[in-house]
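Trainee: Protein sequence lines, in the order shown, are assigned to chains A and B. Residue numbering for the first sequence is 756 to 1003, as defined by the working numbering. Residue numbering for the second sequence is 3 to 163, as defined by the working numbering.
A hint or two may mislead.
[As the list claims (entries may be wrong)] Pair ranges (Cβ atoms, derived):
#, chain 1, residue 1, chain 2, residue 2, range
1, B, I136, A, Q798, 22 to 32 Å
2, B, K33, A, K808, 19 to 29 Å
3, B, D7, A, Q798, 23 to 33 Å
If you're looking for bench data, these hints aren't it; they were derived computationally from the structure. The C-beta atom is built at its ideal place from N, Cα and C for all residues, glycine as well.
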Amino acid sequence: MDDWSPKLETYLDGELSASEMRTLDAHLRTCPSCAADVLSLIQTKRAIQSAGKRYSPTPEFRERMRKSIASKPRRSPIRMWIGVTAAVALLLVVGFVTSSVRQQQIERQQTFSELADLHVATLASANPVDVISTDRHTVKPWFQGKLPFTFNLPELQDSEFTLVGGRVTYLGQAPGAELIYQIRKHQISVFIFQDRAAGRGLESSSQSQKELSFNIESWAHDGLRYFVIGDASGSDIHALADLLKKAS
Amino acid sequence: MPLFDQLYNFAHWLAQDRTEAEDLVQEAYVKALKGFSSFQPGTNFRAWMYRILRNTFLTSRTGLKPTATVAIDSDDSPELPAGPETPETILIDNSQHQLLQAAIDALPVHFREVLLLCEVEEMSYQEIAETLSIPIGTVMSRLSRARRTLRASLQQKLVRT
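Chain A extracted, bound-state conformation:
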C-alpha cells in the first residue's frame, strides 16, 4: 500500500493531480489512520487560517491610504489614460498611414493601368493621332482651345525621338494631351494632364514603374502631370522624360 502521509497536506491544499485526488479520496474511506490524520490536518489548517487573519489596518491608515491613492491616481489614471489614448491614437495613425499608403498604391496602380489601356488603344486605332505632325510648333497650337492648360514640347533635333502627332484624351473625366513619339520602331505615348485630376496616388517627384511590361515614368511640374509610357526600354523612356522635363 502506498504511504500517503507525505501527500496528505498537498491533498488538502488541493494540489494533487486529479487521479491522485481520486485515489486518495478512495483510500481515506478505508484507512482510519489516514482519515484521522487528515481530520487533524484540516483543524490545523483552519487554526492557522484564522490565526493568520490577525492584523487589520487601522481606520486612520485606511483613510490616509484612501486619500493618498485618491490624490495620486487622480494624476495616475490621467497619465494612464494619456498612455492609452496615445497608444490608440498611434494604432489609428499607423492603421491610417498603412491604409492610405495602400490606398495610394491602389490608385497609382489604377492610373497606370488606365494609361496603359489608353496607350494600347491609341496604337491600335486606325487614326492614332488627330494632328499628324513632326513639328512641335504645329502640335502645340493644335491643342489650343481643346485643353484648359498649355505645355511646352522639347526640341528633338539632337535626339533619336521623333514626334508623330497628338490627340486629346481623357483620364478620370479630365481632358489631357496625348503625344505620340517614336524611337526606332517603338511608339511612346506622352500624357499630360492637370495634376489635381490625374495625380491620384502619385508623388510629385519622378517615379518609374512597369505596368503590363510597359515602362512608365511619371512626374508633376507646375500643376501638370506627365506620363511617359511605352514598350521602349526603360532608358529610352527616361531619356524622353528628361527631354520633356527640360522643355517644360
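Fit chain B to the known structure of chain A by using the hints.
Mentor: Same frame as chain A, now just chain B:
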C-alpha cells in the same frame, strides 16, 4: 483599494510592526500604480500585488536581515529530526490561538510567508510560486518544511505550558 486588508495583514506578518507594515503597504500601492504598465493582463493580479509588497519588504530595513539568512538557509538543508509528534497531538482550539500566532511569528520569514500565502490567502502553489518568484517544487518543499517546523515549535510550546 483592491486587496487592501489582506495585503495589510500580510505586510504586518512580514514586518511584525504596525508602522512598518503601513509603510510597506503604502509604498507597495504607490509602486503598483506607478508600475501598472508592467502588469501583464491575463497574469495573476493578486500574485503581482503580493510580489510588489514582498519585494518592498525585502528591500526594507527589516526585510534586509531575513533575506541574508534565507540565502544560507537553503531549501534542501538536512531534514528536521522527526519528532514524536503526529498531527493529532496538536489539535488546536481557540484558547491556543495566541500560541499559534506566536509560533507563526517565530518562523523564519521565508517559512512564514509561504505558510501565510497558502493557508490565509489560500493561494494555489502556482500563485505562490509567482508571488515569491520561485519554482513550484520549491514552494512545495518550503511549505512542507514550514509546516513541520511550526508543528515542532507548537509541540515544544504545548509541552512547556
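Trainee: Can you tell me whether the CB distance of I136 of chain B to Q798 of chain A sits inside 22 to 32 Å?
Mentor: At roughly 28 Å between Cβ atoms, Q798 of chain A and I136 of chain B fall inside 22 to 32 Å, so the hint holds.
Trainee: Given a hinted range of 19 to 29 Å, is it respected by the beta-carbon distance of K33 of chain B and K808 of chain A?
Mentor: Because 25 Å falls inside the window, the suggested range holds.
Trainee: Does the hinted range 23 to 33 Å hold for D7 of chain B and Q798 of chain A at CB?
Mentor: Cβ of D7 of chain B to Cβ of Q798 of chain A: about 25 Å, so the range 23 to 33 Å holds.
Hint check: no violations occur; every hint is consistent with the structure.
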